[in-house]
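So the sequence lines, in the order shown, correspond to chains A and B. Going by my numbering, the first sequence opens with residue 5, and the numbers climb by one from there. Going by my numbering, the second sequence opens with residue 5, and the numbers climb by one from there.
Certain hints may be false.
Copies of one chain are not kept apart here, so a pair can be met inside one copy or by any two copies together.
With a straight-line Cα cutoff of 30 Å, these simulated DSSO-like cross-link-like pairs (lysine-lysine) come out [said to hold, decoys possible]: (1) K325 with K210; (2) K211 with K325; (3) K325 with K212; (4) K129 with K219; (5) K47 with K464; (6) K47 with K458; (7) K313 with K399.
Keep in mind the hints are simulated off the structure, nothing from the lab.
Protein chains: 2
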Amino acid sequence: MNQQYIDLVQRLEEISHLSGVMSTLSWDQEVMMPIGASESRAKQIATLAGIIHERATDPALGDCLATLQEVSKARAWGVTEQCNIHEALRNYEMETRVPKRLVQEIAELSSRGQGIWVAARQDNKFSDFAPVLKRFLSLKIEWAQCVLPNLLPYDANIDLYERGTTMAMLTPIFECLKLELIPLINTIRSYSYQPDTVFLQGKFEKKKQETLARKISRDIGFDFDRGRMDESVHPFCGGSHPTDVRITTRYANSNFIESLYSVIHETGHALYEQGRPYHLGDFPVTESSTMAIHESQSLFWERMVAQSKFFCVHYFDLFYKTFPENLQSVNAEEFYRAINTCKPDFIRVEADEVTYPLHVILRYEIERGLFDGSMAVEDLPEIWNELMQQYLGIKPPTDTLGVLQDSHWGGGAFGYFPSYTLGALYACQFYQALLKEQPDTERNIAIGNFSPIKQWLNEKIHRHGKLYSPQELIQKVTGESLNPDYFIAYLKKKYHEVYQLA
Amino acid sequence: MNQQYIDLVQRLEEISHLSGVMSTLSWDQEVMMPIGASESRAKQIATLAGIIHERATDPALGDCLATLQEVSKARAWGVTEQCNIHEALRNYEMETRVPKRLVQEIAELSSRGQGIWVAARQDNKFSDFAPVLKRFLSLKIEWAQCVLPNLLPYDANIDLYERGTTMAMLTPIFECLKLELIPLINTIRSYSYQPDTVFLQGKFEKKKQETLARKISRDIGFDFDRGRMDESVHPFCGGSHPTDVRITTRYANSNFIESLYSVIHETGHALYEQGRPYHLGDFPVTESSTMAIHESQSLFWERMVAQSKFFCVHYFDLFYKTFPENLQSVNAEEFYRAINTCKPDFIRVEADEVTYPLHVILRYEIERGLFDGSMAVEDLPEIWNELMQQYLGIKPPTDTLGVLQDSHWGGGAFGYFPSYTLGALYACQFYQALLKEQPDTERNIAIGNFSPIKQWLNEKIHRHGKLYSPQELIQKVTGESLNPDYFIAYLKKKYHEVYQLA
Chain A
5 MNQQYIDLVQ RLEEISHLSG VMSTLSWDQE VMMPIGASES RAKQIATLAG IIHERATDPA
65 LGDCLATLQE VSKARAWGVT EQCNIHEALR NYEMETRVPK RLVQEIAELS SRGQGIWVAA
125 RQDNKFSDFA PVLKRFLSLK IEWAQCVLPN LLPYDANIDL YERGTTMAML TPIFECLKLE
185 LIPLINTIRS YSYQPDTVFL QGKFEKKKQE TLARKISRDI GFDFDRGRMD ESVHPFCGGS
245 HPTDVRITTR YANSNFIESL YSVIHETGHA LYEQGRPYHL GDFPVTESST MAIHESQSLF
305 WERMVAQSKF FCVHYFDLFY KTFPENLQSV NAEEFYRAIN TCKPDFIRVE ADEVTYPLHV
365 ILRYEIERGL FDGSMAVEDL PEIWNELMQQ YLGIKPPTDT LGVLQDSHWG GGAFGYFPSY
425 TLGALYACQF YQALLKEQPD TERNIAIGNF SPIKQWLNEK IHRHGKLYSP QELIQKVTGE
485 SLNPDYFIAY LKKKYHEVYQ LA
Chain B
5 MNQQYIDLVQ RLEEISHLSG VMSTLSWDQE VMMPIGASES RAKQIATLAG IIHERATDPA
65 LGDCLATLQE VSKARAWGVT EQCNIHEALR NYEMETRVPK RLVQEIAELS SRGQGIWVAA
125 RQDNKFSDFA PVLKRFLSLK IEWAQCVLPN LLPYDANIDL YERGTTMAML TPIFECLKLE
185 LIPLINTIRS YSYQPDTVFL QGKFEKKKQE TLARKISRDI GFDFDRGRMD ESVHPFCGGS
245 HPTDVRITTR YANSNFIESL YSVIHETGHA LYEQGRPYHL GDFPVTESST MAIHESQSLF
305 WERMVAQSKF FCVHYFDLFY KTFPENLQSV NAEEFYRAIN TCKPDFIRVE ADEVTYPLHV
365 ILRYEIERGL FDGSMAVEDL PEIWNELMQQ YLGIKPPTDT LGVLQDSHWG GGAFGYFPSY
425 TLGALYACQF YQALLKEQPD TERNIAIGNF SPIKQWLNEK IHRHGKLYSP QELIQKVTGE
485 SLNPDYFIAY LKKKYHEVYQ LA
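Only chain A is shown next, with the shape it has when bound in the complex (with noise of 0.2 Å):
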């Protein structure tokens, strides 16, 4: 092996322990730290975070990278360590090309950022936010010439998040999905036939919430050797490694689907990262790859496979034993058409398969309006309501349910909302691949044997790591582009019936 190859791994190493590290420190102050500590843990958050950015520009990596570079042309690199240098390469120049002082300022107005939208959306005042937004725009703007100046801004934006994509690639497909959902929303709202949701409200016991999820966590594949479930204020997927992956979720006492199906959610990411290849070693090529791929894999299991008919059968008889007061009067069918329900509402984290896509292309418009000069912040409370009742029907009636209500824009997070749409796609493409290879599949999830849809997802999926873009993927995988036509006949087909529509 090439003695710069190794100086490069052994860099990158430190660099992914010390991330491993942190990881642990984020995870700790959501779900542990005491809170009179907060200000404690963000000086030491500062002094791990001001050496992983020591160690992620030394120049000596730089020169590393640069020989290797020269190495590379002469000589035919495995693919394992073509992706290494070209990820460490690109993460190099990521953070070497951007001025100190812009990242001081970013970091700066992210910090205090949040806390202004905090406000504001308490107060449903948008004009106190506006300047916010207006600064991180120019600041992004700025950023995106820095790192990635052949791309356009909010092209370089979106590549932060999910690399390789572009709005020439996602305007078509969110083009397409108005166009099938609109009328589908519609179509739904238009019916007189509503599924019975009633008995999903009532009281469920936090215990029994708790070992219900614990248990079908269990059942799907998550290892627990590996692995913790914890609460927190805000669900997520952490920890420091595939050999320590933390999910968490909240338990609210009137309703367990929330809770529950977080927990298969978290699972999903949680099964991703667990199947990393990190035996490799810790370096680019065993990460996850994009936003996108990571939320194919959450929702692959919370939609694909949890919200199915065929789950829902399988398990209802154990939501009925833990549960008994409140699902007496029902059977696995309606209890299927209550979790499936299609309502136009304000807010999309808590918004339905159907609908979700459009909460997520209207932030993608107005995102790329505000890139390319089209639309100005002070505009947007405007355009944001009226956009609402063009895809929806609705309009909201305050800001904090509008414009204000995501925290993203807060912490200068532009580009990131495609993500959860791509993943809805890639999540259904998936699975449509796994339906043709493995047809007992449905018959599979109602006897629960998760095991073959685990090990299809770690084989096709999680093993390559970042080897792969994913548009490579979706092409190993399912022999074809991502292709939204899957994901709007799957909505059809299921809505359709779940309505009695057909």
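Since the structure of chain A is already known, use the hints to place chain B on it.
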């Protein structure tokens, strides 16, 4: 402020923050980490330890300290600055004076030695452990000659835990304890009356034990906004900062005294940590003093306060309400006697306050003998058993219950044991000073008013951080140097009363 000093403080704070991160990782490892993560965590810890070592041995830190030393002679620093410079210099010298080869060999043997010790203890086979002990002895002599060449090698090892304490100080104190405690224990053994302790065994629901322990920890003064309480295999007090102090305990179903008094013990450590003057900054002067002073704080609460009759009188009602079946035929006086029995036994960590010092003295005399060459590793089992017979009148039936019982030597920790007994002596002498200054103390304990006690400890001990040596501190707080007479008088009075010897 001198620019060099500002530079020093920044460097020291960085090291302190990274050490805080390391403490969080250690806590997580004992309390939270999934079993499968041990290997990945070990790598993360090794990387972080490497960076801390790099910072602590940075030649620029050495230059900074050298300049400050020069400046020191020229100008009068405040005591805080003096202490920071002095401590930083000591740490720097201790880190840089040891050759890398020796550091690595000690680290390697520490890690390997623990496994060998565990197996040897399990197999009752001292001969398997003897080579580790021999190697450690020679490594630790070499280490001592590097870092503290002006001290005798065993004194240097003691100095690591108990700065400024030497055999010349310890031996007379320990001789005095032997002279008094051996006859006291014999008298107690010869007496026909024995307190009834049967009711301390039984069934004690874990949840109730935890609620009780949390309440008493809070009553004593533990600030749960700046700390946590969890479970672990071995109880400890950890955490990353005075605003993030984490104690642990373990619960046995058959005994509630063990967990309760272990929580009180760890709360004593925690109050010290929470009472540190962290508002000054994260540098040496705000750290805690030596092991013995730390132990004095845990033993102060565990023994002086919580094993007193006044404490038992105050809490007996609560104990009874918590465990009515177990305590129905007992009163507070009988409870007090039961938790204060004295009985020679083989295991140090289970020993009572009268016999405990003899376990420590035995180990001290063996370590001293090993270092001065008057004892050979091969002879330790025999020497151990002879001394046990001489001091406690009992002979361990196996080496597992004798010379192999402690983990310390498997990690090369020589010179640590004396701190336990010094801590007991300090605790008792501090308590006598408190009684003199606040004659209401016992009445306060009897009504559960602990805040004057905590405030006194905060004021007299905690808030000074590392500013004073233990020798200066005891002088300042009690008006005299460490004097074992207080401890001896306390034990004689208490145990005559408990055993109705008077």
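Against the structure, the hints:
In the homo-oligomer, the alpha carbons of K325 and K210 lie at most 30 Å apart both inside one protomer (15 Å) and across protomers (28 Å), since each shortest distance falls under that limit. In this assembly of identical chains, the alpha carbons of K211 and K325 lie at most 30 Å apart whether taken from the same copy (14 Å) or from different copies (26 Å). In this assembly of identical chains, K325 and K212 lie within 30 Å of each other by CA distance both inside one copy and across copies; the values are 10 Å within and 29 Å between. Proximity of K129 to K219 under the C-alpha cut-off of 30 Å is found in neither arrangement, the shortest distances being 44 Å within a copy and 44 Å between copies.
Within a single copy, K47 and K464 get their C-alpha atoms only as close as 41 Å, which misses the 30 Å cut-off; across copies the closest is 29 Å, which meets it. In this assembly of identical chains, the alpha carbons of K47 and K458 lie at most 30 Å apart only when taken from different copies (28 Å versus 40 Å within one copy). In this homomeric assembly, K313 and K399 never come within 30 Å of each other (Cα to Cα): the closest approach is 33 Å inside a single copy and 70 Å across copies.
Violated hints, listed in ascending order, are 4 and 7; each of the other numbered hints is respected by the structure.
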